[in-house]
Amino acid sequence: MNFDEWKNRLEQLAKEGPFAIADMDIDKFAAINSEFGRDCGDRVFEILDRTLKENLPDKLSYVRFGDEFFVYSDEYTLETLFMEMQDLKHTIANLSFECKGKTVRFTVSGSVGEYPRNASTVEKLLNLLSEGMRKAKMGGRGQVIFAPLERESKMVLKSNYYLKSQLDGLAKLTALLNRTESSLLREALDDLLRKYRL
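Each residue of the sequence shown is one higher than the one before, starting from 264 at the first, in our numbering.
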């Protein structure tokens, strides 16, 4: 299932009533791949998937796209899902495994929201969750926070021109990671701002 197919499922869920959702991401996953190698990065995915299956209650569903994953349920509220994600965050932070003679540990950050409490549409809710996740990472990583409310967040449209080779590379990356172009560009901008500590 790709991102668009999953998003369509959320749209159907929204028609049936409220639901809570968390947008979580493995902290510094690119650095894990760089330091330990892609084989160890793949092990991180395996351990994460197993941890989610073993620790999440049956009423919670999850889906993963690369190093980003979503946990959601129409039987949870914003507050109850937030507590579950806090527990999950601590469980993951206490994990470690050996890979190529080195001990690997990782953490996750993310944000939790609720439809329609946080946003009036699924699209807006996902954007707010992404914004919340970036704030969690900028606050020190290894954190789970509440996503901002729609009325508190202001996204600004900004048009830019890119080289064709850049756009071709971006298109390949979106297909590889099952991510949207806008989310990858926002992530790159966040990394740039962090680099210069802005």
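Hints in this document: simulated from the structure, not taken from any laboratory. Remember, it's a predicted structure, so these values are computed and weren't measured experimentally. Note that CB positions come from ideal geometry on N, CA and C, so glycine has one too. Hints may be right or wrong, so weigh each one.
What the hints assert, rightly or not - Dumping the calculated BS3-like pairs for lysine-lysine here, alpha-carbon to alpha-carbon at most 30 Å:
{"no.": "1", "residue 1": "K387", "residue 2": "K398"}
{"no.": "2", "residue 1": "K427", "residue 2": "K352"}
{"no.": "3", "residue 1": "K316", "residue 2": "K363"}
{"no.": "4", "residue 1": "K398", "residue 2": "K435"}
{"no.": "5", "residue 1": "K316", "residue 2": "K387"}
Claimed, not checked - Quick list of simulated restraints, FRET-style, between CB atoms:
{"no.": "6", "residue 1": "F328", "residue 2": "Q275", "range": "14 to 24 Å"}
{"no.": "7", "residue 1": "R301", "residue 2": "R414", "range": "19 to 29 Å"}
{"no.": "8", "residue 1": "H353", "residue 2": "D312", "range": "12 to 22 Å"}
{"no.": "9", "residue 1": "S383", "residue 2": "D431", "range": "34 to 44 Å"}
Hints, one by one, checked against the model:
1. Taken as a hint, the K387 and K398 pair is honoured in the structure, with Cα atoms around 17 Å apart against an allowance of 30 Å.
2. Distance check on the hinted pair: K427 and K352 sit about 40 Å apart at the alpha-carbon level, beyond 30 Å; violated.
3. A C-alpha spacing of about 26 Å is found between K316 and K363, which places the hinted pair at or below 30 Å, so the restraint holds.
4. Restraint check for K398 and K435: the C-alpha separation of about 27 Å stays at or below 30 Å, so the hint holds.
5. Taking the CA atoms of K316 and K387, the gap is near 28 Å; set against the 30 Å cutoff, the hint holds.
6. A hinted range of 14 to 24 Å for the beta carbons of F328 and Q275 is consistent with their spacing of about 19 Å.
7. Roughly 42 Å separates the CB atoms of R301 and R414, a value that falls outside the hinted 19 to 29 Å.
8. Taken as a hint, the range 12 to 22 Å holds for the pair H353 and D312, whose Cβ atoms sit roughly 18 Å apart.
9. For S383 and D431, the Cβ-Cβ distance of about 35 Å falls inside the hinted range of 34 to 44 Å, so the restraint holds.
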